[in-house]
Every structure is written in structure tokens, then in C-alpha cells.
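**Student:** One letter stands for each residue in the lines below.
Protein chains: 2
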Amino acid sequence: MADIPQDAPEQCPGTGSGEAGKASACQGCPNQTLCSTKPQGPDPDIANIKERLTSVKHKILVLSGKGGVGKSTFTAHLAHGLAADESKQVGVLDVDICGPSIPRILGLEGEQVHQSASGWSPVYVTDNLAVMSVGFLLSGPDDAVIWRGPKKNGMIKQFLRDVDWGDIDYLVIDTPPGTSDEHISTTQYLSQTHVDGAVLLTTPQEVAIQDVRKEINFCRKVNLPIIGVVENMSGFVCPHCTKESVIFPPTTGGGEKMAADANITFLGKLPLDPRIGKCCDEGKSFFDEVKDSPATQAFKDIIEKIKDYCSKRKENTEVDTGEQK
Amino acid sequence: MADIPQDAPEQCPGTGSGEAGKASACQGCPNQTLCSTKPQGPDPDIANIKERLTSVKHKILVLSGKGGVGKSTFTAHLAHGLAADESKQVGVLDVDICGPSIPRILGLEGEQVHQSASGWSPVYVTDNLAVMSVGFLLSGPDDAVIWRGPKKNGMIKQFLRDVDWGDIDYLVIDTPPGTSDEHISTTQYLSQTHVDGAVLLTTPQEVAIQDVRKEINFCRKVNLPIIGVVENMSGFVCPHCTKESVIFPPTTGGGEKMAADANITFLGKLPLDPRIGKCCDEGKSFFDEVKDSPATQAFKDIIEKIKDYCSKRKENTEVDTGEQK
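If you read the sequences in order, they're chains A and B.
Number 119 in the working numbering belongs to position 119 of the first sequence; there are no gaps in the numbering.
Number 188 in the working numbering belongs to position 188 of the second sequence; there are no gaps in the numbering.
Isolated chain A (complex conformation) (with noise of 0.2 Å):
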């Protein structure tokens, strides 16, 4: 996991390594002198990042391998959800740096982040929901974020150490799809402080359900809980005939079966409704648009096991394993 530079040799120990310029591999390197003359050590803001979020109760990642399947969604609908109980504070972080949808989907586009003495002051959607991403820092909605992996994780780096959360119960974080930049510095990042867990979003069909075994298995390699699995687009209503339609054929069994072979929760599924992707759109919460709609229901079910394991977890600190004391 450590940083590992373009031209360095194949057993270079990466550069944040106490090995750093002084391996074997490191002779001929050229970037020997300078890892050698850096100062050595684990990176001090993970001390800052850890002490920052001490005010965090409860902190959620929401992953997919596959992009498009619904994880910005379901991490503005989680929020609304578990904002829906006044007595909660609940924060949102978009470490999706090139693509950040949050803005819009939690209606906030053109809002900017304001600075304060105690650190960068996050928008608020509600009083009990505040939202951070980069999409507030940039001139318009349509800027491209054309950055390479080190600006990203610094972004990143900020976000976690520079925002002023206040006292939260909890901060969901959406991240975009795979297993790079953005996933490796989050889990760095944050590997001093307590991590709830991750949900795992898919939809049906195979090609998505093999990105998500390989979030799996970067859950496992980063001693990442996962909370369970959630199928999204699971079917269709149409609303001409009312009949139910598959979009994506689950043809090896979907995100239930892969979650069994995997051993693993599975939270739930959730059906397509064209009126969520509108509420999207129009940054509403279907919570309240739609209260009729399959999808409803499911999602708040899917919520009411994410708190319940939150709760539990909190308890038993035991189960730690995301936690590197």
C-alpha cells in the first residue's frame, strides 16, 4: 500500500517506508538520495486526521468496483435517511474528485465552502446534514478535475483533516469506482481512527458482481469491515402495465449469491424507479417525493440494518479490525 514511484525498481520499499533509500533495491534508484534524506516516519497528519474525527461516532464508505451503479444515490439517500431522525447529526464526504455528483444530487450545486478558525466549514443540506466535496470548491458545475493520483490524495488529505464536522454521528463517505488513489488514501488516511465499515453496491448482472469481488478482496487486504451488500437496479416496474422487468439479468445468481459464496451480509435490493434518478436530477430526497415507490420501503429497511450494525459495533470493540491502534 505504500507509495511506490513510477521510475522506482521493482522491490522498492515505497516511499513512506523506514526502509526508504537505505533497501538493497534502492542502490541505482534515482530517486535514492531523496528518500534517504526525507524525514522518516508515518505520515503526522494521520495523528491530525485521527484526532479531528475523534468527534465522528460512526464512519461509513459506500463502495462499488463497476461505476454507474448507483453509489452517489445510495450515499445522499443513506444521509437522508439517517438524518430522517432529528436527534442525529450526519455527515456526507465526496472523495469522488473528478466526478463529484453529490452537489447535485443533495441539491447543493453552487454552493461554495466557507473557511473558518476551526477549519474548512462544510454546506448543510438541513441542520442535522452537512455535506463536503470538491464540487463545492470548483467555478462551475461542468469544471473538469483534471488531476493525477498525488493532487487527489491530497484533496483527500484535506477533507479529512481540515473540516469542521462538529459533534456527528455519522460520516458516510462515497468514493468512486475501483480500487486506486482515492480508496488506498481514504483507508491510509483514516487506518487510526474508527471505521464502521464498508457497503458494497452492485447491480445484477456478472460484470458488475466481478468488480465487486474485487472490492472484496481490497476490503480484506486493508482489514476494511464490510457492512453488507446492497443490489441496486434489481428490476424495473414499468409503469405502463405495472409488471416487473429484469434490466441487468442476474446471470450468475447477483449480488445475493455473491454475497453468500462470499460470506457476507446481504442488506438488500433495490428496485429501478425512473423517479429516483428524476429526484436525483432535481437534488430532492424520493424519501419524501416518492413515498409510494418499492424502492422506498427497501432502502429504508437497508438503512435500519446499516444503524443496528453500527450500534452493535460500537459496543463490541472487539470486532475492530479496521482499527490500527
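It cannot be assumed that every hint is accurate.
You can't tell identical chains apart in this list, so a pair holds if it fits in one copy or across any two.
Mimicking DSSO-like on lysine-lysine, the simulated pairs with C-alpha atoms at most 27 Å apart in a straight line are [stated by the list, open to error]: (1) K312 / K300; (2) K157 / K291; (3) K88 / K291; (4) K278 / K157.
Since the hints were made in silico from the structure, they are not lab data.
Please arrange chain B on chain A, whose structure you already have, making use of the hints.
**Tutor:** This is chain B only, laid out in the frame that chain A set:
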């Protein structure tokens, strides 16, 4: 577009710049010694890539801002469509390093790459359809490639420099979503070759359209010509009542309006057909399997437009803004 290390000062000229280590901003930067002592000038591999790809007539990039809009399905079927003309040789390069779907969609799962004296041999679907993907280098389809940017870039460079395509007419390059390492590196490495242009994929809803606008800005910044926009998953024909429904409502006018606004060619709409997803999971071409699907004819029309564009572009090199001489 230059490489900026994470710990560099604001005004870093980039490690690839002639100013690296010498600019006033470099004073006090921890990388200054490294930058000022490393060999200057352009990456010699860019010339090697140019040399390697002289045997490739047309190069087409498939891009999208958002994930899950169907890039890999589109890429695979564009390749199938181009290879339907047996006199043409077609190649597919999958630069989605962390989520390679191409091997599955083209029915090549479990295949391995072979090394020969002239480079890496691609894997063949048919005599005139060759494929390269990081998926062929993994020990299993569930293996996660947990790589940061520099390692991904190194792999893309190897693909472009070392794969022995032979004389081919079309090389279709499938990318991951976003505007980050894979996109910057691919366009940079191809900067001395003739790239015909990019096909941008979207789905109708604003959340996806917004990400395509970012991708258009990316193409303009890196001088990559845009062949046109394809709107995927435009509607769904209910197999029960045969009436068409909208799955992702085009609340802001969809791909067609966006293309008109941005003064870009609109190549067409592809309706959703669950049989397409099934073909992808099974590694089959839906041109052969579901000849009666409305998507099949719409797709063939789009392929004709892309062929037309490529043939005209080859003749008229004056508009070749993608090529840096």
C-alpha cells in the same frame, strides 16, 4: 498536464518540464535536487510509442465522465461492428486498470498474454479482432488491482509501447470513468501519434450529462478531437407490454441537447435491452444474438457514422488538432 508531486509548491513547473528544479518556485522544494539532476527533455517512450503505433491507421478513444454508462459494452460492440468487415483488422485496448470488463464482455476470460520477440501478443476473439487488457495479466477474475496512479500509468505505457498489434485498421481504446491518471497518461503517451478522436458516452439524466460536460472540457484542454456523443440507456421497451419507458429521465434534455449546446456531433441514442446485458455477461456479440433488438440497428448506424468520420479525417489532416507534430 505535467507531473506535480504531492509535496510540491503551488507554482511547481512539473517534473517533466525543462524548468524542473530551476524555477523560482523550486527554491526550498524537497524535490529540487531530484528534479535538477534527473535527465531533462521529453519522455523517450513517447517516440517509441509513435514508432510502435505507425502500423495502426485509426485510433478511437471511448470516454465518459460517469461510470456505468456502458463504455465497455460500447467499446466491445464498436469493435465487433468494425470487425464485421473481414477485410479490416481491429484492436481493442482496455486501459481501465482497476476494473477491466473487456475480457468478460468479449468472451476472453481466463486468457493469458504471450510474449514474443516483437512484443506482447494480444488475445484474439476472431482472426481480425485482437484485444489487450490488464485482465489477461491477473491470476483470477476477482483479483483486485490495488494500484495508485504511477503504477497504472506504467502499465498503460507498456500496453501502448509493447503490444504487437501488427497492421491494423482500427484501435479502440476503452477508458475508466473520470479525468485522471489513465486519461492524462493515455493522451500524453499518444501525443505524437495520429488520434482520430474520442466518442463520449452518456446516459440521459443530468447527473451523467454533467460529467460528460467535464469530459468535453478535458478533450478541449488536451486538444483531443471529439467524434461525437452517444446517449446510452435512452429508454426501455417493456418485454410484457412492448411500451417504451424512460429509466433515467432526461430532465435537462439528455445527450442530444447537451451535444447541440456544446456544438458537438450527436451520434445517436441506444435503447436499453436486457438482452444486451446478458450477451455481455456471456461474452457474446448482441449483433449476432439479438438481431431484432432496436438497439442493434441504432448501434449499426452509429458505427457507420464513426467509420465515415475516420475516413474523412484521414484525408483531411488539417483539422488534426489531436496530433502534436
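**Student:** 27 Å Cα cut-off: does K312 pair with K300 within a copy, between copies, both or neither?
**Tutor:** Only inside one copy: K312 and K300 sit 19 Å apart there, 54 Å across copies, limit 27 Å.
**Student:** Can you tell me if K278 and K157 fall within 27 Å by alpha carbon in one copy, between copies, both or neither?
**Tutor:** neither (33 Å within a copy, 41 Å between copies)
**Student:** What label fits K157 with K291 when the C-alpha limit is 27 Å: within, between, both, or neither?
**Tutor:** neither (38 Å within a copy, 51 Å between copies)
**Student:** Go through the copies and call it for K88 and K291: within, between, both or neither, with a Cα cutoff of 27 Å.
**Tutor:** within (22 Å within a copy, 54 Å between copies)
In summary, the structure is inconsistent with hints 2, 4 from the numbered list given earlier, while agreeing with the others.
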